[in-house]
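K.L.:
Chain by chain, the residues run as shown.
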Amino acid sequence: MIADYTDNKDTAFAKQSTHLHVHTTPMKSMGEQMYKLIGEMFPICRSITGKGVTDTLNIIAKHIPLTIHQVPSGTKVFDWEIPLEWNIRGAYIMDSKGNKVVDFANNNLHVLNYSVPVHRNVTIGELREHLYTLPETPDWIPYRTSYYKEQWGFCVSHNQYRSLKDDRYEIHIDSSLEHGNLTYAECFIPGRLKEEVLISTHICHPSLCNDNLSGIAVATFLAKELLQKQPRYSYRFVFVPGTIGAIAWLAANEKNVMKIKHGLVASLLGDGGAFVYKKSRRGNTEIDEIVSSVLRSKYVNHKVIDFNPFGYDERQYCSPGFNLPVGCLSRSLPGQYPEYHTSADNLDLVRPESLQESLELFSDIVRILEANQKYVNQNPRCEPLLSKRNLYHTIGGTMNKEGLHQALLWTLNLADGGHTVMEISRRSGVDLDLIIQACNVLHEAGLLAEVEPMNELLTADIRSRE
Amino acid sequence: MIADYTDNKDTAFAKQSTHLHVHTTPMKSMGEQMYKLIGEMFPICRSITGKGVTDTLNIIAKHIPLTIHQVPSGTKVFDWEIPLEWNIRGAYIMDSKGNKVVDFANNNLHVLNYSVPVHRNVTIGELREHLYTLPETPDWIPYRTSYYKEQWGFCVSHNQYRSLKDDRYEIHIDSSLEHGNLTYAECFIPGRLKEEVLISTHICHPSLCNDNLSGIAVATFLAKELLQKQPRYSYRFVFVPGTIGAIAWLAANEKNVMKIKHGLVASLLGDGGAFVYKKSRRGNTEIDEIVSSVLRSKYVNHKVIDFNPFGYDERQYCSPGFNLPVGCLSRSLPGQYPEYHTSADNLDLVRPESLQESLELFSDIVRILEANQKYVNQNPRCEPLLSKRNLYHTIGGTMNKEGLHQALLWTLNLADGGHTVMEISRRSGVDLDLIIQACNVLHEAGLLAEVEPMNELLTADIRSRE
Amino acid sequence: MIADYTDNKDTAFAKQSTHLHVHTTPMKSMGEQMYKLIGEMFPICRSITGKGVTDTLNIIAKHIPLTIHQVPSGTKVFDWEIPLEWNIRGAYIMDSKGNKVVDFANNNLHVLNYSVPVHRNVTIGELREHLYTLPETPDWIPYRTSYYKEQWGFCVSHNQYRSLKDDRYEIHIDSSLEHGNLTYAECFIPGRLKEEVLISTHICHPSLCNDNLSGIAVATFLAKELLQKQPRYSYRFVFVPGTIGAIAWLAANEKNVMKIKHGLVASLLGDGGAFVYKKSRRGNTEIDEIVSSVLRSKYVNHKVIDFNPFGYDERQYCSPGFNLPVGCLSRSLPGQYPEYHTSADNLDLVRPESLQESLELFSDIVRILEANQKYVNQNPRCEPLLSKRNLYHTIGGTMNKEGLHQALLWTLNLADGGHTVMEISRRSGVDLDLIIQACNVLHEAGLLAEVEPMNELLTADIRSRE
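Residue numbers (numbering that gives the first Met the number 0), protein chains in the order written: chain R, 0 to 465; chain H, 0 to 465; chain Y, 0 to 465.
Read the hints as simulated data drawn from the structure, not as lab findings.
Among the hints, erroneous ones may be present.
Claimed, not checked - Result set (DSS-like, lysine-lysine): computed pairs, CA atoms no more than 27 Å apart in a straight line: (1) LYS148/R / LYS260/Y; (2) LYS193/Y / LYS258/Y; (3) LYS148/Y / LYS387/H; (4) LYS260/Y / LYS223/Y; (5) LYS75/Y / LYS387/H; (6) LYS260/H / LYS228/H; (7) LYS254/H / LYS297/H; (8) LYS61/H / LYS223/H; (9) LYS75/Y / LYS50/Y; (10) LYS387/R / LYS75/H; (11) LYS193/H / LYS148/H; (12) LYS35/Y / LYS228/Y; (13) LYS75/R / LYS387/Y; (14) LYS387/R / LYS223/H; (15) LYS193/H / LYS260/H.
Source: prediction; values computed, not measured.
Let the sequences and hints guide you as you build the complete structure.
P.N.:
Shown next as structure tokens:
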């Protein structure tokens with residue numbers, strides 16, 4: 000019918016393109032593999048510094064190549080300073096009969112993270128001043144930290160707390176705070192372009208699965224997938240302790256961040272909640288648009304929310320002096336599920352199928368990011384003669400071919416260096432994958448040239464006529 | 000009351016302006032005249048080249064002055080090449096008894112347009128491979144073409160097709176494909192400005208009335224009307240074979256198209272359908288705004304649709320390398336009325352009153368285009384003293400005068416070189432014709448100066464304060 | 000909870016700021032004081048020139064320092080010319096028995112404002128041609144003027160008009176039209192910035208309270224209040240005869256008006272109507288935004304209307320050659336309350352509590368204008384460490400502190416030199432006063448620097464990354 004409408008007498012035939020990215024490893028098994036990785040990392044007591052971080056990075060390094068960076072204690076990073084390195088060997092509360100009523104060996108959440116070392120006898124009264132509990136969920140141990148105020152403490156279930164008798168207790172926290180390093184790691188995957196996509200995930204939490212072993216696992220497996228490809232963008236995965244680690248990374252990379260064209264913070268990706276995307280501070284960047292669009296088209300239940308200066312390391316990436324195009328993708332939001340920052344955020348909370356779905360979403364986003372180029376029609380004045388390039392429409396062609404024919408004409412018309420592939424799809428109403436296919440067909444036929452990000456200015460003259 | 004509100008003590012009195020364009024020929028007869036012209040052109044077998052085109056142009060030339068352009072076969076026009084010239088003297092299918100069962104002399108749609116010459120005997124089986132029919136409307140002959148693939152064929156009604164017996168047939172298509180020319184014509188009407196309005200219409204279809212003898216007739220009579228005036232813009236009417244003709248015209252005028260400030264493709268204007276305006280690719284040009292506004296204010300039933308790369312020669316004018324402000328105005332859309340591209344698109348389908356209404360719409364659009372200037376208040380600092388210019392408000396004046404008084408004050412306030420007449424009307428809520436009247440009154444009084452398109456930049460400084 | 004969400008480990012504690020503007024004089028008494036001032040000015044016969052204006056300015060000068068400007072008759076001011084100075088000593092209509100049936104001494108509205116002098120006997124018929132009445136409100140005397148057409152007349156109640164017998168009358172208008180001056184006054188209050196806020200009010204009406212002794216009174220007391228402060232902006236209060244006075248002021252200040260960053264025309268502020276704000280011609284200026292926002296947040300009943308070229312002196316300030324960011328704030332609109340321009344616009348129409356409310360609204364607008372700065376985060380790369388600046392969050396802090404904590408983080412994030420305080424409030428959803436408080440706290444802590452209007456360009460580089 001289209002051929003009739005247009006009186007064109009010259010229509011297009013689609014060679015099936017081989018450009019679409021296809022997952023080469025069966026995705027089904029990925030969720031299980033990520034869950035296994037989480038199980039391996041779970042027992043380690045992590046913090047913003049110390050051996051727990053390096054142990055964790057060593058496990059990740061079995062899957063993807065990592066570059067380890069160490070920043071010495073006392074280093075100034077913008078307004079902050081790298082703290083002393085914290086390590087812990089054990090900790091307990093022992094009653095007068097010699098029973099360890101609370102033992103770090105059972106759960107590393109029991110110690111207030113970054114607790115100073117202590118070893119002495121205390122009354123029940125003094126002890127209680129150093130105990131943290133969750134009265135509303137009396138079986139769960141809370142997760143608490145004190146990075147920047149020197150103190151000691153124990154986190155216990157409220158039931159444990161109530162069972163403590165009027166006794167004298169030996170308390171022992173065998174920790175150390177010494178000059179050392181803050182450690183973070185990068186996995187860099189070079190692409191055709193120098194422009195980078197940043198995937199950042201925090202690695203500072205002890206035995207908590209969703210927050211954030213899930214983010215670590217999804218980032219690791221996404222990197223693994225990309226290592227098998229030759230992506231257009233370069234990809235930089237950063238595994239950093241929250242806040243201070245991201246600040247240290249930004250301080251070390253202050254001159255390089257202009258390369259970051261898109262970014263995502265990966266966090267809380269293993270529970271069963273619906274996806275939530277928090278937009279970058281700019282609010283209208285390409286990554287904001289792409290994530291929103293993928294969520295809209297594939298996930299009935301999801302939320303897209305505006306940027307706010309709370310949350311994870313997007314706070315630093317989106318501070319006004321950087322203002323990077325970095326959003327945050329998670330399932331449940333921090334603080335908005337009951338198990339958040341408690342001992343119940345364990346291996347029961349995260350599910351292989353949720354991890355699987357999260358990885359598929361990240362893969363989809365990457366697929367669109369890779370495809371979402373701008374092209375310039377190399378024959379921009381009047382329509383090109385499609386027939387002489389064998390992009391020919393057979394009479395009475397199937398609707399599918401007509402779909403591609405439409406996609407070809409729309410793409411030729413809008414490929415002015417100003418519209419991205421996604422914008423062509425939106426403006427034409429033609430399915431995104433069909434536009435991607437048309438771009439590939441036309442690119443192979445020499446009718447489209449890619450606009451590399453650095454060349455965008457040069458093509459602006461076509462646009463300026465509008 | 001306004002005088003009271005404003006404490007102005009100085010108000011305006013309207014001299015009845017004589018500037019409004021008035022149709023000087025009784026419009027009622029125009030529809031009949033256009034219908035008569037269509038009748039004269041109907042029998043001719045047109046194609047994208049050949050004698051049919053020149054015969055048609057000769058008829059148009061009896062109404063308006065035309066400049067004829069010829070482009071030789073083989074000339075490169077952008078990605079295309081002018082084909083051999085096609086001419087046809089006759090064609091038939093004769094059965095073994097000597098009966099001409101199909102004869103070009105009866106209807107020139109019977110021959111596949113651009114058919115190669117052929118003269119031989121064929122079996123019923125071979126013949127059928129070269130026949131085109133419309134099974135759903137078995138009385139109608141389809142219109143089919145094959146410009147860029149060398150083949151022969153006949154178009155017949157499905158009833159004719161079914162009545163063919165198992166016989167041997169003599170088929171004869173007395174056509175020629177020879178080195179010659181593609182022909183198009185222009186009617187140029189110079190105005191006060193060098194900036195041009197383009198009216199383009201396709202002339203390549205054989206005996207089809209709505210598509211597009213109707214467009215040709217409306218364009219011809221619009222040109223006739225403008226020839227009696229001294230328009231502000233220059234007007235360029237182009238009569239071109241579809242697609243290849245528009246491409247040839249653009250190739251020949253590549254350097255001149257920047258003069259085109261507004262344009263319309265005129266097509267399918269004689270049937271009884273409601274008007275459809277397809278916007279230019281830019282989507283927000285002055286012509287888009289004006290046509291939409293006129294349709295909204297005068298035609299309850301109408302559609303305004305976004306640009307798409309299907310349709311008529313707007314596809315070429317709006318290709319990304321040109322991106323001209325050209326929309327397409329028609330009644331029924333191509334392919335969306337049953338008679339489209341069939342022998343039923345004949346003198347019964349088009350009606351004088353529809354042609355009349357189409358011409359009136361084009362006239363209205365031209366009237367607004369002509370009036371839709373930008374003006375600069377020559378006394379921009381504080382209100383001018385209207386009383387000393389005899390633009391005085393009589394006490395207790397009629398509502399009509401108050402309407403004009405309001406129009407005067409609004410026009411003085413918004414005539415900053417940045418607002419068009421239409422924008423002044425929209426922002427003030429005052430009827431467009433009243434604003435046009437106010438502009439004329441104030442212009443005569445020396446309080447407004449016209450902004451010519453080329454001077455728009457110079458007046459931008461007034462705007463820049465906003 | 001916020002502290003938990005963010006994993007920030009570093010939160011803010013609010014010192015109670017002392018920066019909020021607090022009214023130091025009990026506002027309750029202001030309404031009465033303004034009403035008293037109106038009572039003092041009421042008996043004077045004002046016009047666009049003459050002794051009534053100077054007498055009025057002398058009364059205002061008892062409250063605030065005024066600079067008096069005189070513009071001689073005949074001076075060209077843009078398209079206009081200062082008229083002869085009008086003064087009047089008395090006027091009456093006396094019947095043949097010597098009864099003064101109409102006496103200027105009873106009400107100065109009785110004389111057509113700007114009447115030429117006259118003293119002679121007339122028939123009832125001739126007299127009637129010079130009488131103006133309001134048949135629908137037969138007790139009220141209309142207010143009429145004839146500034147630019149030389150004539151004489153009396154304004155009388157319709158009852159008086161009907162009681163006039165068939166008699167001969169001595170009519171006497173002891174006025175003079177002589178070379179003199181047009182007088183206006185300014186009260187200039189210098190601020191830290193050279194950029195000015197204009198408050199303009201018209202002073203040309205005779206014994207009419209709402210129109211516009213109310214505007215004069217509110218402007219005077221607003222100036223009085225500002226004189227006790229050290230404002231950021233400079234404030235220029237102008238007391239001008241309507242239209243011709245504003246035109247004269249603009250003519251004298253043509254080179255200086257670029258300093259005006261915001262402005263309001265103050266008029267009709269004493270009656271009981273709901274507030275109406277008419278936006279500036281630009282329609283999207285800061286003053287438009289602030290007045291709209293204050294009205295929206297504090298006054299259920301109010302209207303915000305678009306600019307139109309009718310009304311008071313905003314017509315001149317917003318003429319296209321000036322296009323100043325000046326709106327008009329009033330209660331009832333001109334012409335839209337029954338007492339408008341009649342003797343019923345007297346001391347009974349205006350109420351102290353309405354004047355009080357009007358002054359409070361202007362004070363509020365000024366408070367927001369003063370606070371609505373742009374700031375630049377002095378530690379823009381990553382979050383600053385709030386704890387080391389004692390902006391620390393106590394655990395389990397009250398919601399109020401959490402509110403301020405949120406305000407601090409939002410302000411730090413959006414203080415990029417591109418967002419005003421009001422924009423930070425709108426984007427964050429945090430109450431404006433809390434954002435103002437956060438700005439003050441952060442400014443004191445050295446974390447924010449103010450952007451002076453003249454420095455705005457220099458900070459654009461932070462913005463340009465967006």
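K.L.:
The structure should be examined with respect to each hint, and the outcome stated for every one.
P.N.:
Tested hints:
For the hint pairing LYS148/R with LYS260/Y, the CA-to-CA distance comes to about 48 Å; that exceeds 27 Å, so the pair is violated. Only pairs whose Cα atoms come within 27 Å are accepted, and LYS193/Y paired with LYS258/Y is accepted, the gap being roughly 7 Å. For a cut-off of 27 Å, the pair hint linking LYS148/Y to LYS387/H stands: about 11 Å separates their Cα positions. The hinted pair formed by LYS260/Y and LYS223/Y meets the criterion: a straight-line CA distance of about 21 Å does not exceed 27 Å.
About 14 Å separates the Cα atoms of LYS75/Y and LYS387/H, which keeps this hinted pair within 27 Å; it holds. Using a Cα cut-off of 27 Å, the hinted pair LYS260/H and LYS228/H holds, with the two alpha carbons roughly 19 Å apart. As the CA atoms of LYS254/H and LYS297/H are separated by approximately 37 Å, the hinted pair breaks the 27 Å bound. Only pairs whose Cα atoms come within 27 Å are accepted, and LYS61/H paired with LYS223/H is accepted, the gap being roughly 11 Å.
For the suggested pair LYS75/Y and LYS50/Y, the alpha carbons sit about 22 Å apart, so the restraint of at most 27 Å is met. About 14 Å separates the Cα atoms of LYS387/R and LYS75/H, which keeps this hinted pair within 27 Å; it holds. For a cut-off of 27 Å, the pair hint linking LYS193/H to LYS148/H is broken: about 42 Å separates their Cα positions. As the CA atoms of LYS35/Y and LYS228/Y are separated by approximately 24 Å, the hinted pair is consistent with the 27 Å bound.
Of the supplied pair hints, the one linking LYS75/R and LYS387/Y holds, its CA atoms being roughly 14 Å apart against a limit of 27 Å. Among the hinted pairs, LYS387/R with LYS223/H is inconsistent with the structure: their alpha-carbon atoms are about 41 Å apart, more than 27 Å. Between LYS193/H and LYS260/H the alpha-carbon distance is near 10 Å, which keeps this suggested pair within the 27 Å criterion.
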